[in-house]
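Numbering (UniProt numbering), first residue to last: 1 to 256.
Derived by calculation from the structure, the hints in this document are not laboratory data.
Treat the hints with caution; some may be incorrect.
[Claimed, not checked] With beta-carbon atoms standing in for the labels, derived distance ranges:
#: 1; residue 1: ARG150; residue 2: ASP220; range: 11 to 21 Å
#: 2; residue 1: GLY226; residue 2: GLU138; range: 36 to 46 Å
#: 3; residue 1: ALA40; residue 2: GLY205; range: 12 to 22 Å
#: 4; residue 1: GLU18; residue 2: GLY97; range: 39 to 49 Å
#: 5; residue 1: ASP225; residue 2: PRO86; range: 40 to 50 Å
#: 6; residue 1: ALA47; residue 2: PRO171; range: 29 to 39 Å
#: 7; residue 1: LEU33; residue 2: CYS141; range: 16 to 26 Å
#: 8; residue 1: PRO216; residue 2: LEU102; range: 18 to 28 Å
#: 9; residue 1: PRO112; residue 2: ASP30; range: 36 to 46 Å
#: 10; residue 1: ALA111; residue 2: ASP156; range: 16 to 26 Å
#: 11; residue 1: GLY149; residue 2: ARG15; range: 38 to 48 Å
#: 12; residue 1: ASP60; residue 2: GLY173; range: 18 to 28 Å
#: 13; residue 1: ASP101; residue 2: ALA43; range: 22 to 32 Å
#: 14; residue 1: PRO216; residue 2: ALA32; range: 23 to 33 Å
Each residue gets a CB set at the ideal place from its N, CA and C atoms; glycine is no exception.
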Amino acid sequence: MADAGIALVRRPGPRLAEGLVTHIERRPVDLALARRQHEAYTAALRAAGWAVRAVPEADDAPDAVFVEDTVVVCGDVAVLTLPGAPERRAEVAGTEGVVRDLGLTVERIAAPGTLDGGDVLQAGGTVYVGRGARTNEEGICQLARLLGGRRVVPVDVRGALHLKSAMTALPDGSLIGVPDWVDTSALPALRVAPEPSGAHVVVLGPEHLLLAASAPRTADLLAADGFRVTVVDIGEFEALEGCVTCLSVLVPTRLS
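Please construct the entire structure, taking both the sequences and the accompanying hints into account.
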């Protein structure tokens, strides 16, 4: 029975291999394998109690599978983004219909602001927002206004596509990531992930985490801390700078 909440996902489209890459070298992507990996990822969400809701496919948008970048859900508000890469802006429309169906209050980022959902990390009562190639100062200011009383902290990102490429949060709000990729002066503390992909953690439940198979040492470290760790292979998405956080938007039960 699904009781954790709703997980928004989007199936990989036929042009997946054409997705944007900025900080890594391009390599071939096997679409059939990527689709199998996405199915396994989705199955892991279901097994953890999340009801999976498919966002309409966007076959002409290679990066559309990375649905996290199209919306930020905070409380009962869904902020539709304006992605920093113009090629990705058409992806937002499909997500809008779904969040409206969920009954969320819909807001949006407007030009000249830009914001990618992958730059927004909610940790306890704080919202960290990456400032870099895809998210600008105006986008951060707009998000802060739309989120009302939430504490919003800008964090400069370097050497990574998004803030959540560089760090994520554990259930208690503590941070784990790669210190060299962010301005740590804006952070209370940052636990070092043994592998770069160990910086990417999806919180499935109070003691349940989802990590990529490419981060076995991080998985072992967090398991030793008492967390239940589920591991999935997302190698074809990692070839496009994707990670476990990029592939879904989680809307907890109290909001859905």
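Here is how each hint holds up against the structure:
1. Distance hint check: the CB atoms of ARG150 and ASP220 are about 34 Å apart, inconsistent with the given range 11 to 21 Å.
2. Between GLY226 and GLU138 the CB atoms are about 42 Å apart, so this pair conforms to the stated range of 36 to 46 Å.
3. Between ALA40 and GLY205, the C-beta spacing of about 19 Å keeps the proposed range 12 to 22 Å intact.
4. For GLU18 and GLY97, the hinted distance range of 39 to 49 Å is not satisfied, since their beta carbons lie about 25 Å from each other.
5. A hinted range of 40 to 50 Å holds for the C-beta pair ASP225 and PRO86, which are about 41 Å apart.
6. In this structure the hint that ALA47 and PRO171 lie 29 to 39 Å apart at CB is violated, the actual value being about 18 Å.
7. The hint said 16 to 26 Å for the Cβ distance between LEU33 and CYS141, and at roughly 41 Å that hint is violated.
8. Against the hinted window of 18 to 28 Å, the Cβ-Cβ separation of PRO216 and LEU102 comes to about 35 Å, which falls outside the hint.
9. Here the CB-CB span from PRO112 to ASP30 is close to 38 Å, well matched to the stated 36 to 46 Å.
10. Roughly 22 Å separates the CB atoms of ALA111 and ASP156, a value that falls within the hinted 16 to 26 Å.
11. Between GLY149 and ARG15 the C-beta distance comes to about 41 Å, which sits within the given range of 38 to 48 Å.
12. Here the CB-CB span from ASP60 to GLY173 is close to 39 Å, at odds with the stated 18 to 28 Å.
13. A C-beta distance of roughly 23 Å is found between ASP101 and ALA43, which places it inside the suggested range of 22 to 32 Å.
14. For the pair PRO216 and ALA32, the supplied restraint of 23 to 33 Å holds, since their beta-carbon distance comes to about 25 Å.
Consistency with the previously given hints fails for numbers 1, 4, 6, 7, 8, 12, ordered from lowest to highest.
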